[in-house]
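**Q** The sequence shown begins at 1 in full-length UniProt numbering and counts up by one.
Treat the hints with care, as some may be off.
Restraint-style ranges between C-beta atoms, simulated for each label pair [claimed, not checked]:
id, residue 1, residue 2, range
1, Leu19, Phe47, 38 to 44 Å
2, Asn42, Ile22, 27 to 33 Å
3, Asn42, Thr21, 28 to 34 Å
4, Ile26, Ser46, 41 to 47 Å
5, Gly51, His31, 25 to 31 Å
6, Ala32, Gly2, 41 to 47 Å
7, Ile40, Met1, 58 to 64 Å
8, Gln9, Phe47, 37 to 43 Å
9, Ile15, Ile45, 53 to 59 Å
10, Gly2, Ile26, 48 to 54 Å
11, Ile22, Ser46, 32 to 38 Å
12, Gly28, Gly2, 49 to 55 Å
Hints listed in this document are in silico derivations from the structure and should not be mistaken for laboratory results.
Cβ atoms here follow ideal geometry from the backbone N, Cα and C, with glycine treated the same way.
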Amino acid sequence: MGAVVSCIQSVFRGIGRALSTIVSSIGGILHAIINGVVSICNAIISFLTCGYCGRRRSRVGGAGTTRTSGRRYGRRHHTRPARI
1 MGAVVSCIQS VFRGIGRALS TIVSSIGGIL HAIINGVVSI CNAIISFLTC GYCGRRRSRV
61 GGAGTTRTSG RRYGRRHHTR PARI
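With the sequences and hints as input, model every part of the structure.
**A** Written as structure tokens, this is what we have:
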């Protein structure tokens, strides 16, 4: 009797895993499709606005030079106490 119950449990466990895999793969496919649509929309917006949309740059000084506001990249330089 225990063998029959064990067999039925393993069948249901296998069906559950298969359904879980199917749902997970459908979610992954939808995620990829949505990311593709968003990328295409971003490319179209960038094309229509000549690439000016979404840039967070501020004008500094003369002759059209631009600089990003704030320091975002590079190493952090920590000061060390002077040796005595």
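**Q** Provide an ascending list of the numbers of those earlier hints which the structure does not satisfy.
**A** Violated: hints 4, 8, 9, 10 and 12.
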